Amino acid sequence: MTRARVRGIYTTAVTQLLAENDCEVVQASEPIRDRFDRSFDAAPADVSVETTRDRQGVAVSGAADAVEVVATELEALAIDSFRWPTDVARGAVFDAEVLEAGGGGGAVVDLGEGRRGFLNYDDVDGYVDDGNRYRVQVHEPAPPWDDDRPLVRPTLEIHGGLCTLSRGRSGVTAALRGDRAEELVGMTDLLSVDVPDDWGIRWQHAAADADLGAMETALEDAADRAQSLEDALADASAEPSGPALLAAPETTAWCWFGRESRFALDGVRRRVETTMPGHHRTKAADRAASAAVDFAETVCGSFGTNGGDVDSEFPFGTVARQFGPTGGDRLEIGHGKPDGRLVSLGRGTVTDWNPAGNVTLERSMRGGGQYDALGVPKEAGDVAVTKFREGRWWYPTTYKAADGTSKGTYVNVCTPVELFPDAVRYVDLYVDVIRGADGAVDVVDRDDLDDAVDDGLVSEELAEKATSVAEAVERALSK
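Residue 1 is where the sequence shown starts when you use UniProt numbering, and the numbers rise one by one after that.
Keep in mind that a hint or two might mislead.
Claimed, not checked - Okay, derived cross-link-like pairs now, DSS-like style, lysine-lysine, Cα gap no bigger than 27 Å in a straight line: (1) K400 <-> K387; (2) K337 <-> K378; (3) K387 <-> K465; (4) K400 <-> K378; (5) K465 <-> K378.
Simulated from the structure, these hints should not be mistaken for laboratory data.
Remember, it's a predicted structure, so these values are computed and weren't measured experimentally.
Hey, can you work out the whole structure from these sequences and the hints?
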């Protein structure tokens with residue numbers, strides 16, 4: 001049975017989902033232990049599931065077979081769930097060379113074969129300069145839709161939830177304070193585990209709830225992984241050489257949740273706890289929204305409800321009034337690609353909105369080049385008027401000249417649109433519909449969608465949906 005450690009805003013739903021699919025959640029947080037009517041072991045995890053910093057999805061890291069099990073379940077949540085691998089996984093060890101040392105608190109490093117990482121100056125002894133070489137480990141990988149680079153450190157560590165082993169350190173410490181910390185340090189002498197030489201032990205907060213047997217199992221697991229890493233690095237030179245991957249003890253997969261996926265997670269969570277319509281959609285919008293959601297659900301729960309009917313609508317108007325977007329706000333168009341990349345189409349001003357989930361965005365365009373597929377020139381003074389609707393599988397952009405005349409309309413077909421406080425998010429599905437200034441309507445980029453299916457980037461089910469949407473839009477524009 002695969003054992004998983006889960007953290008972040010999707011924890012309750014993912015815990016229930018994994019339990020329903022023969023996976024065991026371990027090292028559960030206190031709120032999760034209170035929420036579920038069962039016990040959770042403080043055992044080592046085969047895989048961790050952690051919400052990304054932008055709350056758009058999760059990182060699934062651990063043993064390759066365990067990552068496959070968990071990521072497969074998350075990918076199957078809904079039609080707009082996406083999953084991508086990475087070649088800069090958590091825990092991977094590289095020889096790295098500094099490419100750009102300067103401001104920003106750290107340096108960009110070359111990890112080889114086009115891979116890049118970010119090295120904080122505070123993690124390095126001495127001055128960092130261009131061309132310096134370090135042996136580094138990936139501490140925090142970066143999702144493909146994020147501009148951040150993976151965070152690397154010039155220290156080797158083995159994380160297990162209950163304890164951390166660090167190479168180049170000695171002794172036993174604890175992340176806690178007081179009597180329990182002293183107990184953990186003292187109890188380590190009772191464990192019959194051989195830790196590799198030159199690796200120090202640090203007990204984490206989760207160990208406070210573990211018994212001696214769980215501590216021994218966790219330390220033994222970490223020691224075995226440390227020895228495996230030592231073996232993998234045995235043939236590497238003592239000093240860092242040219243940029244290259246030296247060891248990859250773990251695998252990382254990224255799961256991005258679209259709007260329908262978040263509502264599917266709501267349904268799973270509702271089987272456990274009071275869950276308002278749009279629970280995960282709201283929490284993904286803004287960190288401050290989490291407290292508001294928790295409060296609303298606590299009030300609903302006190303009256304014996306479980307978040308309303310499953311068919312209740314997401315309260316977009318309420319959420320938007322509190323957190324945005326509303327009139328006058330600036331929004332970025334986050335144009336996701338099926339290969340995991342995120343392309344910004346620029347920022348615009350919200351000129352109109354309503355509580356039903358409609359937002360109109362205007363952008364001033366620069367001159368030069370042509371508008372995709374429309375075949376008309378971009379000129380200074382042009383304005384792009386884009387109309388979004390929360391949850392819709394398409395959105396139109398009409399390009400207007402400085403005198404107000406239309407240069408044509410481009411309808412982008414995509415996964416259901418989400419209107420967050422500072423950005424519009426979706427994944428582009430390649431096929432689009434255009435209407436020229438002369439009124440002619442055409443569906444474009446069908447071949448690109450077919451190629452994406454052949455490349456495994458878009459499922460056949462999603463491609464069929466995109467095609468049907470494009471054809472429906474074509475009919476509507478042709479009337």
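Handout entry: Hint check against the structure, violated hint numbers in rising order
Key = 5
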